[in-house]
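Start from the sequences, fold in the hints, and give me the full structure.
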Amino acid sequence: MNNHWLRMGRFSIRHQVIILFFLVIMLPFLFIGYFSYSRSVEAIQDVSSIISSQMMERNARNLDNYLELVSNTQNEIMYSPDMQNLLGITPSSTLEELDIAMRLNQYNSLLSSNSHDFSIRIFPIDPGRYPTFTHSIYHNIDVEMEEWFSNAKVMKSPFWQLFLPVDNQTLYKEPILSQIKQLYGLGESRPLGYVSADIKVSTLSDYLAPLRKLEQQQVMLVDNKDIIMYHQDQSLIGTKVESQNLREYLRIMPSDSNPINIDGAEYMVSYAPVANNDWKVVSLLPVSVLTKPVEGIERVSLLFLLFYSGLSLMTVAYLTTRFTNPIHRLVQAMRRMERGEFLSSVPHVSRSDEIGWLYLGYNNLVRRIDELVQSAEKEAKDKKELEFQVLTHQINPHFLYNTLEAIRWKAESRHADDISEMVSSLGNLLRLSLNDGRELSTVEREIEHVKAYVNILSARQDTSIRVVYMIDDDIMQLPCLRLLFQPLVENAIKHGTRFTGAGDEVKILIKGTKIADSLHFDIIDNGPGIPEEVRPSLLSPDHGDPSERKGVGLRNVHERLSIYFGERYGLRILNRNGEGTAIELTHPILGHEPAQAG
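Just so we're aligned, residue 42 is where the sequence shown starts under this note's numbering, counting upward by one.
A few of these clues could be false.
Distance condition first, Cα-Cα at most 25 Å in a straight line; then the derived SDA-like pairs of lysine to any residue [to be verified]:
1) Lys321 / Val414
2) Lys555 / Lys535
3) Lys552 / Pro577
4) Lys555 / Arg501
5) Lys492 / Lys333
6) Lys194 / Asp239
7) Lys552 / Ile512
8) Lys492 / Lys424
9) Lys214 / Asn192
10) Lys214 / Leu203
11) Lys548 / Arg507
12) Lys214 / Ser230
13) Lys321 / Lys535
14) Lys333 / Thr356
15) Lys424 / Asn405
Here are the computed distance ranges between Cβ atoms for each label pair [what the hints assert, rightly or not]:
16) Glu283 / Pro314: 49 to 59 Å
17) Phe63 / Thr627: 53 to 63 Å
18) Ser393 / Leu68: 31 to 41 Å
19) Asp158 / Glu283: 47 to 57 Å
20) Arg377 / Tyr510: 42 to 52 Å
21) Gln257 / Ile91: 17 to 27 Å
22) Asp158 / Ala306: 13 to 23 Å
23) Ser133 / Asp158: 38 to 48 Å
24) Gly607 / Leu399: 27 to 37 Å
25) Leu110 / Leu347: 53 to 63 Å
26) Asn405 / Arg609: 23 to 33 Å
27) Arg370 / Ser416: 26 to 36 Å
28) Arg380 / Ile66: 37 to 47 Å
By construction, these hints were calculated from the structure, which means they are not laboratory data. For each residue, glycine too, the CB sits at the ideal point set by N, CA and C.
Set out below in structure tokens:
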């Protein structure tokens, strides 16, 4: 169980809310709906089964009572002395035969006028002796050739015969169900004739009618050979029950109502046997008719489910918008802050719940972190500024000493006029280096600073130093950090003279131009270059020992640019494959020009 909850934790809160909503609300609702529907269907089927079984038993009793009435009427005729006398007379002349025929017809007419919806026909055992009477009943048909007549001679007990219009269109306008009995005279062992009780099959609908409230219910009368003797659809009368499942059910299963499959559809089948005949009254009712009322409930439940689902989804959407979306925005802001974007606060929300307090606390945290970062940057900048001020005020005593020695030596040995130039260059160097204590200078002043430094250095040593300046005029008056180029030129001269011999010339090219919103400078020398294994570490904060540093240096310039203007500004050292070193300097274009030093 714990593993399942751990896996749930991998989803977002939004997805967890949706999953829990489905598990806690929708699944129980669907289960209850399905359970209620299935139980309702079962209850309806059970009630319908009981009602249908009781109805079939009642129909079977009514039909049995009716058939008993028919049989009793036949018996009255069979035991009537008048009938026995009539059939016992053998006519000796045509007139006598005609008289017997008239009396038999009157008897048939009298019996057929009863109100029990069946008729009686009397047939002599030898129709040929009564041609007039036989013709009045069967017209030109030879009754002795009829199958039922032959069967009646053989069978001793009464039997039922179904007559259809297809058998004789003249005699049978509709299906007729007849019970045929042999008529014996008193003391006679040989039958005198046959008594047929003819029932119109349509009459049986009064006893086998389906329930009016059950649409599509089929009620049929089936004999022991699975022949349909009655059905609402008269075209099925006289045919055999088509469904094999139904035939087996009627032979094997009890008379209780049960569902079976007939031609791909489910039917509730119930039947009841007719007491004095080997017949069954059968009811077929489609299950779909029984479940039709429940289907209405099912549709209403489905509509309610759809409405409830829509309402629930709207609730989930509201919860997502109200709670999970703010949390998602907060997570995104935290991820941005994790990447270093310390100003990634979230918009203020006017909420007094936990979400509002969470937003307020996070924004306060972001502001505090930003204050700490700015404070740390300011402290670093102040530290660099103090360090730079100390460096600018602590002029290298060796440099001043060597310069003064050079001036003294030249003055004593040559009495040359260039002493004034050296003193002038030294004054410019000191003036431009100090810059009245201000951090910003101009490109032009920084170039003058380099020139003063190179003039003094050229006078101090025998190595020839030539610096070429290719600076665009439109950037000369733009503001820039002070002591920007001098440390780079010093580095180029220092490493260039280390590997040059007497008479070699150190060449330095300084190029400057404006690209987009930045100033780009290149300081290129003709020295041997910097070893590849050393070059990547020159600008690293951990490179070198600060106690051994004699000047501002490359790293100091790079760090000052990065601290003041951001990491996109600074130095980049390029090796020129043994042809010297190129240093690229990127400086932002500032919006104002500093005041000129006096």
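For a quick check of understanding: which of the numbered hints are violated here, in increasing order?
Checked against the structure, the hints that fail are numbers 1, 2, 4, 5, 8, 12, 13, 14, 15, 16, 19 and 22, while the rest are satisfied.
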